[in-house]
Amino acid sequence: MGLFFNKKKKEAAVEVAGVSEALVAIADGKILPINEVPDPVFAEKMMGEGFAVEPTSNVIVAPIGGTLVQVADTLHAYGIQSESGVEVLVHVGLDTVALQGKGFDAQVKVGDVVKQGDPLVKIDREFLIANAPSIITPVIVTNGNIESYNYDFKGSGEAVAGETVAMVVSKA
Numbered sequence: 001m002g003l004f005f006n007k008k009k010k011e012a013a014v015e016v017a018g019v020s021e022a023l024v025a026i027a028d029g030k031i032l033p034i035n036e037v038p039d040p041v042f043a044e045k046m047m048g049e050g051f052a053v054e055p056t057s058n059v060i061v062a063p064i065g066g067t068l069v070q071v072a073d074t075l076h077a078y079g080i081q082s083e084s085g086v087e088v089l090v091h092v093g094l095d096t097v098a099l100q101g102k103g104f105d106a107q108v109k110v111g112d113v114v115k116q117g118d119p120l121v122k123i124d125r126e127f128l129i130a131n132a133p134s135i136i137t138p139v140i141v142t143n144g145n146i147e148s149y150n151y152d153f154k155g156s157g158e159a160v161a162g163e164t165v166a167m168v169v170s171k172a
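Quick note on this note's numbering: the sequence shown kicks off at 1 and runs consecutively.
The set of hints was computed from the structure by calculation and includes no laboratory data. Every residue, glycine too, gets a C-beta built ideally from N, C-alpha and C. Honestly, I wouldn't trust all of these hints.
Derived CB-CB ranges, DEER-like [unchecked claim]:
1) F153 to E126: 25 to 31 Å
2) D105 to T67: 33 to 39 Å
3) P33 to K102: 17 to 23 Å
4) F127 to A172: 37 to 43 Å
For lysine-lysine, the following DSBU-like pairs were computed, each having C-alpha atoms within a straight-line distance of at most 30 Å [what the hints assert, rightly or not]:
5) K102 to K45
6) K30 to K45
7) K30 to K109
8) K102 to K30
9) K45 to K171
10) K102 to K115
11) K102 to K122
12) K109 to K122
13) K115 to K30
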């Protein structure tokens, strides 16, 4: 009889994990709706649905647990795939690829498994403010055009890195 209940609990846990994922703030700072990002590629959702954070801290953390599937050579962008299949891109600042890695100290590499809230990259925030058009950091669900997801943006406001839920992504 105990096996029956354990089996049911495991199935329920897997089902819940596959149904929705909470994406947390990637830094201390202000959460913004994606359409307020001052770059049309992000604001017009050409890369996908998401949100952004204007960081006030020097560490960018994982918005979701999963496997690092991309770390840009210039250390400004990080791709994570969750166990349930949600693929998320964290793009630190705007036009930061031009900085060629300056101002970024990656804490992860491709293939690493991270938990939600684990550090992805340490940033020199003052350097980025001085040398990039914006430090606003979009967080994008990149496989939303392949998978059918519903997005629940939790609203703008001040956030704590790794704790404040910014958006919930669920299977449609």
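Violations among the numbered hints, reported as their numbers in ascending order
2, 3
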